[in-house]
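Asker: Below are the chains, spelled out letter by letter.
Number of protein chains: 2
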Amino acid sequence: MTKPRLTALAHSLPASVPFVGPETQERARGVAFDARLGANESLFGPSPKAISAMARAASEAWMYPDPEAYDLRQALAKHHKITPENIMIGEGIDGLLGYLVRLMIAKGDAVVTSDGAYPTFNYHVTGYGGVLHKVPYRDDHEDPIALFEKASEVNAKLVYLANPDNPMGTWLTGAALSDALAYLPDGCVLVLDEAYIDTAPDGTAPDIAIDDPRVIRMRTFSKAYGLAGARVGYALGAPDLIGAFHKVRNHFGMGRVSLAGAQAALEDTDYLNETIEKIAHARTRIAKIATMNGLRPIPSATNFVTLDCGQDGTFAQKVLDELGTLGIFARMPFVAPQNRCIRISCGTDAALDAFEAALPQALAAART
Amino acid sequence: MTKPRLTALAHSLPASVPFVGPETQERARGVAFDARLGANESLFGPSPKAISAMARAASEAWMYPDPEAYDLRQALAKHHKITPENIMIGEGIDGLLGYLVRLMIAKGDAVVTSDGAYPTFNYHVTGYGGVLHKVPYRDDHEDPIALFEKASEVNAKLVYLANPDNPMGTWLTGAALSDALAYLPDGCVLVLDEAYIDTAPDGTAPDIAIDDPRVIRMRTFSKAYGLAGARVGYALGAPDLIGAFHKVRNHFGMGRVSLAGAQAALEDTDYLNETIEKIAHARTRIAKIATMNGLRPIPSATNFVTLDCGQDGTFAQKVLDELGTLGIFARMPFVAPQNRCIRISCGTDAALDAFEAALPQALAAART
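From first to last, the protein sequence lines stand for chains A and B. The working numbering applies: residue 23 is where the first sequence begins, and numbers increase by one. The working numbering applies: residue 23 is where the second sequence begins, and numbers increase by one.
With the rest of the complex left out, here is chain A (with noise of 0.2 angstroms):
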């Protein structure tokens, strides 16, 4: 039996997952989780006029999807004030990730972004044989002039950064990134994950024109919209660089039903404005509960709350695994001295409940 020839390159990467499912464990465990706070979706659901449309759409599921999917770009071209040409929509921001470094990134390239940062683009970036070049977080917070002066350094042809940040949580000012700007060199594009931005402060996203070069952002339905089920996300950009994405994608990626659902629920701003109230409420929550534990909560303008154990990744990790055993699902950062925290999702009141309770006792576990 001989085995398949695969590239040089495919061969010399791992089978690796970024992320592990929640299911996963579950499986192993025997038992589902009592609280699902750990890959910060939203657990105050969809809009019920997206599920409604979802609902829907399900009957025409027989239907190829529009592989220009016009009505949600027309939507969101009318929801953000740009041109549909200014509009990549994918399988989530993962699936852009990929197509993004497919289209930038050949071997040797070089790419940077913080050591801790979001794991999937760096897996795409490894996937396309590309040099990943890692610069720390200041103070839990990514630091662009930082990440620019590096990608001079290096000649860098994309340099990663999310706003807000995850795993941290922690934001930079709009303007602080704007003028940070001036640091990134000439031909270097700066990717913009700003999946959080919906539960941000008002002025964390930069004000770039949308034609900028230098820039490309990724958006998503998965956060705020509570729709990380459908997989849709968008990039938002010059035309140049959004219009090579035809080059590369699947254009039939992008299910009829995921469509359906993200439009409803772009749509329903009311909604949207409840969750993100609901969301606030429960960061101020995770942030108490911490606080009565004797964790320090780290200031958040997303979905979720890191919150400092106070020792090394091998605590957070022990108080992490408790946690697991006491039916809550919760991740950590992966790299020092992010891994000192575990980062809790904004959940329901009942999700709250079941974490409030388990924690004193994953954390007495952890300290044994």
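These are computed hints drawn from the structure, not numbers from a lab.
As the list makes no split between identical chains, a pair holds if one copy fits it or if it spans any two.
Straight line, CA to CA, 25 angstroms or less: simulated SDA-like cross-link-like pairs of lysine to any residue:
| hint | residue 1 | residue 2 |
| --- | --- | --- |
| 1 | K310 | A386 |
| 2 | K25 | D233 |
| 3 | K310 | P359 |
| 4 | K25 | D131 |
| 5 | K25 | V176 |
| 6 | K100 | A227 |
| 7 | K129 | P36 |
| 8 | K25 | A204 |
| 9 | K25 | H268 |
| 10 | K129 | G151 |
Chain A is already provided as a structure; the job is to place chain B on it using the hints.
Answerer: For chain B alone, kept in the frame of chain A given last:
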């Protein structure tokens, strides 16, 4: 404004769309088609149980999908009497073909296909820098021995063959295909696209061991199962090759609602069998309509019938355009001599009534 620094390969690619969607044509027409008979969708729709499952799953769409698609893989393993390690689920066959080509084809690697076979496969090969070698159809059938001999001649890493074939609807017996494998060169993988296998006569699927490293099969829920809009395909093959997909795939690319729909569709065997009967009935009716209008229906094992218009590609294109004007969405083969034909999907009685009414007018207009 600097242009984005695309890779040399990406720069060389056109921003092409393998298939223009009917929605694009409808927007240009300003009115919807009366009959959607061009994309080989199932106008009979998915199982009502699949629709219900999707409607139920819509309210769970706040959760990311299980990246292992464990439940559907288990169900498919049981259905095919194989192990989950033989199965890779992806964003339609289109998405899986992209991953497979990425894994195996680097710049300059040779790939063989038939001249006029599935353009999306070619799109991926070109997209990863592969070199396509094409073999002509033989009497409107794909020609496996010629394909495999060509693969030997050019040292191909992949050879693509659809059985039953699209766009011609013809098929080879499984036995003929198994026998032809003797000609497949060592180290070359046959991509056997079985998108239309569910509507084919018994014995069309070759009896090849699931762990045979020479073959990877592609299956889909888009055709007989009526879930084209859900984007669920799967690959069947040896664990080595199937496992390699984990190196490059979008682990969170599948929608949760889509996975639920596919599983319910798979389990509703009665509905599938009823649909297959309806498809067979529609094939007979399309053939009859064609014959009455002086066109020659090519025997089909698929959910469409290809009709020989008896002249050249220019004439067939005229017929197609006239049908479009009359509200009938259809497509035709892209390459001579197959492009003397038009291709009509198996529709409901209402859709075929519309086709039957339009065809004589379209032919008359094309002949003037």
